[in-house]
Amino acid sequence: MAKKSCILILMRKKNKGFTMMEVLIFVSILSLFFVTAAAITTASLRNLKVQEHKILATRYAEELLEWLRGEKEAGWNTFTNHTDTYCFNSSPITSWESPGNCLGYSLNNLYKREVTLTVQGTPSQVNVSITVEWQETGNTYKVPLNTIFTIWE
Amino acid sequence: MGIIDKSKIKNQKSKIDFIRKKSFTLIEMIVVIATIGLVLPALFAIVFTILQQQIKIQRLSIVKREGDYALSVMENIIRNYAVKIYSESSFINERCTTANSSYGPQNGSGFYFEDKYGNWFNFYQDFTNISSNSAKLSSPVNLNSPQTKITDFSIQCYRTNLYSPPVVNVSFKIEYNTTSTRPEERVTSLNYNTKIKLKSY
Chain Z
893 MAKKSCILIL MRKKNKGFTM MEVLIFVSIL SLFFVTAAAI TTASLRNLKV
943 QEHKILATRY AEELLEWLRG EKEAGWNTFT NHTDTYCFNS SPITSWESPG
993 NCLGYSLNNL YKREVTLTVQ GTPSQVNVSI TVEWQETGNT YKVPLNTIFT
1043 IWE
Chain A
69 MGIIDKSKIK NQKSKIDFIR KKSFTLIEMI VVIATIGLVL PALFAIVFTI
119 LQQQIKIQRL SIVKREGDYA LSVMENIIRN YAVKIYSESS FINERCTTAN
169 SSYGPQNGSG FYFEDKYGNW FNFYQDFTNI SSNSAKLSSP VNLNSPQTKI
219 TDFSIQCYRT NLYSPPVVNV SFKIEYNTTS TRPEERVTSL NYNTKIKLKS
269 Y
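From first to last, the protein sequence lines are chains Z and A. Going by our numbering, the first residue of the first sequence is number 893, and it counts up by one from there. Going by our numbering, the first residue of the second sequence is number 69, and it counts up by one from there.
Since the hints were derived computationally from the structure, they do not count as laboratory data. Please note that a few of the clues may not be correct.
Unchecked claim - Here are the computed distance ranges between Cβ atoms for each label pair:
| hint | chain 1 | residue 1 | chain 2 | residue 2 | range |
| --- | --- | --- | --- | --- | --- |
| 1 | A | T117 | Z | T928 | 14 to 24 angstroms |
| 2 | A | I95 | Z | K941 | 38 to 48 angstroms |
| 3 | A | Q126 | Z | T1039 | 25 to 35 angstroms |
| 4 | A | F116 | Z | N973 | 52 to 62 angstroms |
| 5 | A | F116 | Z | P1036 | 31 to 41 angstroms |
| 6 | Z | I932 | A | S213 | 31 to 41 angstroms |
What the hints assert, rightly or not - Lysine-lysine pairs mimicking DSBU-like chemistry, simulated, CA-CA at most 35 angstroms apart:
| hint | chain 1 | residue 1 | chain 2 | residue 2 |
| --- | --- | --- | --- | --- |
| 7 | Z | K946 | A | K217 |
| 8 | A | K132 | Z | K964 |
| 9 | A | K132 | A | K265 |
| 10 | Z | K964 | A | K265 |
As the structure is a computational prediction, the values presented were derived from the model and not from experiment. Beta carbons: idealized from backbone N, C-alpha and C, even for Gly.
All chains should be built: construct the whole structure from the sequences, respecting the hints.
See below:
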């Protein structure tokens, strides 16, 4: 009787903890879960940052479009003299820049803003193609904005 | 007899061992608390960064939406209705009538448009707001909410020669209205600027 209870207690004592295998499986599943959660979180954070930069980039593109429309309103002939690619890496825009592509991402230390103007007709129409570009985490993002200015409006 | 006695002692001993093993040791507790102490701050830091970023985006989109709205309202009303520019709502002192003339008072106060029906309307900066008023309104209407703040509002007209109508230049800066000076809570101010030719002049 006493021997039996002794063996029972010994067995209980042996069975009390988890085995090494159980702990390993549990920890690996848990770590897998945590790694996935961390990956999703960082991806979403990066995505949020890109969204913020996209809002600003859209604003910069629209700013240039509004300024160009203003130049067009102020004088059609002076406006159509500009047929090239221009880089407007400063905000607010004050005057025409000299023709040529942007040398770097200096607008707000992140973006580069270019516009290509192509004249059609006598000239009666100008095709405006604005691109705001920036680089982030190895990717290049672009916000294009295209429109047409005509003399009849 | 002797054997029974021995097993009895063993029995007693393991019983005591069993009872003592039931609680955690100090080392175990320290390890667990240290792990929790490492994981929790990291977790809170991530959650905090995400919340901050979301607030930033929300504020930026509010600022952009209100700026876009204010500019489009002013642009459309001036483009479609403005005929002449005066410095008084009683239509005396017409401005921008001669070649190479320009007029641009501070904050837009004293810059009145006459529409094609002979009524006046104007846009001016009222503290942190752009206000729109006209002869048909009983009180001025703000074009932006108290959530945003307008700075450097300017409305001016100029005329290069007598054969082209005056051009109105509207520009302002808009930013999120917060008293906080912390850089992560502030949103970059956005510039708005456009020119409108008075077609009905």
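Evaluated hints:
| no. | hint | in the structure |
| --- | --- | --- |
| 1 | A/T117 <-> Z/T928: 14 to 24 angstroms | 19 angstroms, holds |
| 2 | A/I95 <-> Z/K941: 38 to 48 angstroms | 42 angstroms, holds |
| 3 | A/Q126 <-> Z/T1039: 25 to 35 angstroms | 29 angstroms, holds |
| 4 | A/F116 <-> Z/N973: 52 to 62 angstroms | 53 angstroms, holds |
| 5 | A/F116 <-> Z/P1036: 31 to 41 angstroms | 35 angstroms, holds |
| 6 | Z/I932 <-> A/S213: 31 to 41 angstroms | 35 angstroms, holds |
| 7 | Z/K946 <-> A/K217 | 22 angstroms, holds |
| 8 | A/K132 <-> Z/K964 | 24 angstroms, holds |
| 9 | A/K132 <-> A/K265 | 25 angstroms, holds |
| 10 | Z/K964 <-> A/K265 | 10 angstroms, holds |
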